[in-house]
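Chains A and B, in that order, are what the protein sequence lines are. For the first sequence, our numbering gives the first residue as 1, with consecutive numbering after it. For the second sequence, our numbering gives the first residue as 1, with consecutive numbering after it.
What the hints contain is simulated information worked out from the structure, not anything from laboratory work. The reader is advised that the hints may include incorrect statements.
One copy or any two copies: either way a pair holds, since identical chains are not told apart in the list.
[Unchecked claim] DSSO-like, lysine-lysine: derived pairs with alpha carbons at most 30 Å apart: (1) Lys27 / Lys54; (2) Lys161 / Lys188; (3) Lys54 / Lys161.
It should be emphasised that the depicted structure is a prediction, and the values quoted were computed from it without experimental measurement.
Protein chains: 2
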Amino acid sequence: MTRDHKLPSSCTNAELIELIQLLNRDKQIHGILVQLPLPQHIDKSLILRLIDPKKDVDGLTPHNAGLLMTGNAVLKPCTPAGIIELLDYNKVEISGMDAIVINRSALVGKPLGFLLLERDATVTICHSRTRLLTEKLRRADILVTAVGNRHDFLLTVDMIKPDSVIVDVGINKLDGRITGDVDFESVKQKASWITPVPGGVGPMTISMLLKNTIAAASIE
Amino acid sequence: MTRDHKLPSSCTNAELIELIQLLNRDKQIHGILVQLPLPQHIDKSLILRLIDPKKDVDGLTPHNAGLLMTGNAVLKPCTPAGIIELLDYNKVEISGMDAIVINRSALVGKPLGFLLLERDATVTICHSRTRLLTEKLRRADILVTAVGNRHDFLLTVDMIKPDSVIVDVGINKLDGRITGDVDFESVKQKASWITPVPGGVGPMTISMLLKNTIAAASIE
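Here chain A stands alone, though its shape is the one from the complex:
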C-alpha cells in the first residue's frame, strides 16, 4: 500500500516534522521517502534526520549513511545500489577496475564510491573543481557521470577509454525531451557497455526503492 502525503509547498517545518513523526509511529508504514528537493524554507538536514532509520527506504538518514561506510547497510541509497545491480546483472567486472564518478553528492557520488570500493574498484571522485578532467576520464575503466547540466558538460567520444563501461545518471531536458550527460550515439560505438537515458539507471532507482521497502518491512 502506498500513501502519498502531499503537503503544500507552503507547509512549515513543524507540519512536516509532525507528519514524519506520525509515520514513524504508524506500524502500517514500513517505508518513508521524503521527495527532494524540498522548498528552501524547509530544513532538509533536520527533516532527513527525523526519519526512523528502519523506515528510511532512501538510505539518506545519517545512521544509514554511516552504516554504508562500514559495509553494514541494509537500506542503501537507491541510485548507487541500482547502478551496482545493473553492473552485476550485466556481468561487468568491478574488482580491480579504475572507476571514476563525476558527482560528489551524498545522494550519488559518495555512496556509490563506497559501494565500488567495497567491490575492490579503485575509485576517483571528480566534480566541478576537478582539474584536467578529460585526461582523467580517459583512464577510467568504469565511468559514472551524474552531472545533469548538459549546457556545461557533455561526455563525448574523445573523453572515454576504448571499451570502457559508461553509466549515465544525468537527467537533462533538451528540446523538450529527456537526455543524459552522454553523447550516446557516438560514445556507444567506443564503449563496451553503456546505459541509456531514459531507461537506464532511472528505472533501477525505482526498483531499488521497492526492494528497500520490502527489506524495511522485514527489519525487526
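Fit chain B to the known structure of chain A by using the hints.
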C-alpha cells in the same frame, strides 16, 4: 577528568554493553572512546553503534559517520580531521588538487576522502587491489599513505610527483623503532612538504580527540 574503564580482554559483549550504557547516562562524562582493536569475540559493529552519538569523540558511530558524509558533522574522526588541520596550519592548498589516499577504511580513508572532497580536492582512494599503483601515485599532488605494513609497501622517491605533499599515517615497527610507510630521507628531498613518523599525524590525532571532547561537552 579522564576515567579509564579497563575491562579485561576476557570480558563479554554484555559487560561491555552495560559499561557503555552506564557511560552514556552519566552526565559527568562527555566523551566515550572505545580503544580498538577489540578482542575477536566482541561485536565491534554492535558496540560502536551503542555509543551516544553526542559523546562519540572518535566520530565512529554510524550517525556521526553519516553526518560527515553530508558535511554536517560536529564530531569528526580524529585522524582524518587531524590531517586536514595539519595541511591548513601549514597553508597547503587543497582546493583543485589531485589527492590520493592509500587506505579505504572507515577510520581513515573514507572519512578523509570526504574531508578532502569538501575542500574541493579531486580524490582517489587506492588499496591492496589497486592496479598500476605507482603510476597513479606519481600523479598525486597530495598523497596520504596509511598502509602500515612496511614489508609489503614502502613509498620510495621514484613513486612520488616532484614537489608533492606527502602525509604519512603508517605505523610500522622496524628493528625496534617506529617508522611510517615512507622512505623519509629520500622522499623529503623531492616532496615540497612531508610529515614524519613519529611526530607527524599521531600527535594531531590525539589533539583532535581533545578538541572533540570539548565540542562534545558543548553539545546540548
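Okay, the hints, checked on the actual structure:
In this assembly of identical chains, Lys27 and Lys54 lie within 30 Å of each other by CA distance both inside one copy and across copies; the values are 12 Å within and 28 Å between. Proximity of Lys161 to Lys188 under the C-alpha cut-off of 30 Å is restricted to the intra-copy arrangement: shortest distance 12 Å within a copy versus 35 Å between copies. For a Cα distance limit of 30 Å, the shortest separation of Lys54 from Lys161 qualifies neither inside one copy, at 41 Å, nor across copies, at 46 Å.
In summary, the structure is inconsistent with hint 3 from the numbered list given earlier, while agreeing with all the others.
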